[in-house]
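Based on the sequences and whatever the hints tell you, model everything.
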Amino acid sequence: MTATRILSLPREGYGPEPRTSADIMMLIGARVQLLLPSRWTVAFTTSVGAPDSGSDATLTVARDGETVVSFDAEIKRSITRGAVLSMTARLEAMRASDGRVLVVSRYITPRVREELRQQGISYADATGNLLLTTVDPLMLVSDRGATSDPWSGPGRPTTSLKGLPATLLARALIDYAPPYTVSELARLAKTSLGASYRLVDYLVAEGIVSRAERGPITAVDWPELLRRWSADARYLDTNTTRGFLEPRGLDSLTTNLAQAAPAQRYAVSGSLAAQPYAPFAEPRLALLYADDPVELAATLGLREVETGANVLMASPRSPTVFERTTTWQGVTLVSPSQAVADLLSGPGRNPAEGDHLLEWMENNVDTWRLSSDR
Amino acid sequence: MIVEARAALLDALDALAAHQDSVILVGAQAVYLHTGQASFAIAEATKDSDLAIDTRVLGDSPLIEDAMTSAGFVLDPTSRQPGAWISPKGVPVDLMVPELLSGKRSRRAAKIPPHGGQAARRTVGLEAAVVDHNSRTVESLDGDGRSAIVQVAGPAALLVAKLHKIGERVESPDRLNDKDAHDIYRLLVATTTVDMATATRRLLADDLSSDVTRVAVGLLHTLFAEGPESLGSVMAGRAEEGVGQPALVSASVSFLAQDLLAELSGMDT
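From first to last, the protein sequence lines are chains A and B. No gaps in the numbering here: position 242 of the first sequence is 242 in our numbering, and each next residue is one more. Count along the second sequence from 1, add 1000, and you get the number used in our numbering.
No lab work stands behind these hints, which were simulated from the structure alone. Check the hints yourself; a few may be wrong.
[Stated by the list, open to error] FRET-style restraints, in silico, Cβ to Cβ:
hint, chain 1, residue 1, chain 2, residue 2, range
1, A, D373, B, T1192, 43 to 51 Å
2, B, I1149, A, R317, 56 to 64 Å
3, B, R1056, A, T255, 37 to 45 Å
4, A, W328, B, G1072, 49 to 57 Å
5, B, R1146, A, N363, 39 to 47 Å
6, B, L1141, A, S371, 50 to 58 Å
7, A, W328, B, G1116, 44 to 52 Å
8, B, R1169, A, A260, 52 to 60 Å
9, A, W328, B, S1147, 33 to 41 Å
10, B, R1146, A, T255, 30 to 38 Å
11, B, R1214, A, S315, 38 to 46 Å
[As the list claims (entries may be wrong)] Examples of chain B residues lying across from chain A (beta carbon under 7 Å, computed):
hint, residue
12, V1189
13, A1247
14, L1248
15, A1251
16, S1252
17, F1255
18, L1256
Glycine included, each C-beta is placed from N, C-alpha and C at the ideal position.
The structure is reproduced here in structure tokens:
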């Protein structure tokens, strides 16, 4: 099918989800057309079908009706960083035969776009993330679209690290040094085998986890996993927090915690949890997890405040925060991995403290990382 | 600055060695001796030494003005206030007598014969310091190994004195010093509420200090306990502007004042 119809874009937002290759190409064609000078036009062909069916497309840019450049579009349902890496060899071959390649998908993540850019591969998605580049003739068309997939919703394959199973698995993958099999991972993380396989598949595709063919997990890019998990599961978003004031300051808070030895489960995270490993500056904000924050606050003589809190307390959605804690000066601290995740997504100067602790973790892996048989 | 202030204090204690039992350290240097363990956003800073004199145990000889001048101290010629002494190195040392022990009415000077009328200044609020104090060793901070044993006013007495200092100046805001309110915050942070209340209770029970302490408790209520927006709370926070967390300090000092008042009223019943 050759399309030379009038291209139009949704009036606001990104419109309904484009389901077919033609839908995607039409949106991309309209977005490219908007960026071209007058007298330049864009045209495309698609064969009927869904993305990934091997029925690919071409996108042609013309001036005064004369073709200037034509791209072979490779349309993907979704595209991961791993997929880009595996595509490279094939794309290399196409490029060698003077073919110009355009990777197309409904939505392409910033990370994958960066990977494509580095490989010198043109891409386009239906939200308007575009990079059309050729050396001869010299052309560069570039634009930015959505920063997250506007059409992703519940029921789609795991593409984030939110939720309880992901949290359990991320913490286990970070805290335990491989090798271990996926079923061993499920046991370490105390979650289901199905969830473990799904998340591991996703992380393998993302290039974060390496796994032998039908074999054990052999390597984990744990700093990257920690950053991504932290971004997906922010302390303040995923936990119901309350603000309190300890009017005598955080030294007093830790002294009282050690003396009170609360009967309920609690764990200190944030700046205070970094103190034994990578003290940064004087901690100003305490993050605590407790089964019953209000009761713990009463035990410690804290006052609940609307603003100006120096203690944030959360009743955790996931019991993971109480896994692999340590005791320091009589106070229960979350694991370094949990502390980093909470700091990176925390307020004020917490992210800088998180970077500092993460750097310590990278330099002292033997100190904190556990072996799977423990 | 604090090193020089400490040196001048040791000079003054040396000069007044014969009156050792009647000299009590008050003011910021005394506050810091109690609050050194806790950490605060603004550094300890004071240029002067404040000494209260308990005239009830003060001997006649040597005369205070003679002792001070022979140690090289001079009365500050610019302020021309009684009791405003300057050390040989130019650091201020203030000698003060609690109002109730200052003899017959005079505007500024403490009438404590046979000592001279310019030797010390009468000051309201220091009555608590002559009732509540403990001896401590004060050491030089510049490593010369000098030290002296001195009576240091207790946290509750210092709280009373600071509250009077702020209270006196509420009507003339340009004389208010945010650091005085921050010193109150330091005292309340570093002392447990129960200890502070117990000591305050003793001051309320003593004839010499009961009146000033009652007034101070009232000032604590209006200046601090009424909320983070009350004058004293705001001043304490403002002292940390740019380096600390003003809002946190204002809220904290107000809560601690409320706690102390609640503890005091709990003791009444």
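Right, here's what the structure says about each hint:
1. A/D373 with B/T1192: 43 to 51 Å: holds (48 Å)
2. B/I1149 with A/R317: 56 to 64 Å: holds (59 Å)
3. B/R1056 with A/T255: 37 to 45 Å: For A/T255 against B/R1056, whose Cβ atoms are near 39 Å apart, the range 37 to 45 Å holds.
4. A/W328 with B/G1072: 49 to 57 Å: With Cβ atoms ~52 Å apart, the hint holds.
5. B/R1146 with A/N363: 39 to 47 Å: holds (46 Å)
6. B/L1141 with A/S371: 50 to 58 Å: holds (51 Å)
7. A/W328 with B/G1116: 44 to 52 Å: violated (60 Å)
8. B/R1169 with A/A260: 52 to 60 Å: Cβ of B/R1169 to Cβ of A/A260: about 41 Å, so the range 52 to 60 Å is violated.
9. A/W328 with B/S1147: 33 to 41 Å: holds (36 Å)
10. B/R1146 with A/T255: 30 to 38 Å: holds (34 Å)
11. B/R1214 with A/S315: 38 to 46 Å: At 45 Å between Cβs, range holds.
12. V1189: holds (5 Å)
13. A1247: holds (5 Å)
14. L1248: holds (5 Å)
15. A1251: holds (5 Å)
16. S1252: holds (4 Å)
17. F1255: Cβ of B/F1255 sits 4 Å from chain A, so the hint holds.
18. L1256: Holds, about 5 Å.
Violated hints, in rising order: 7 and 8; the structure is consistent with all others.
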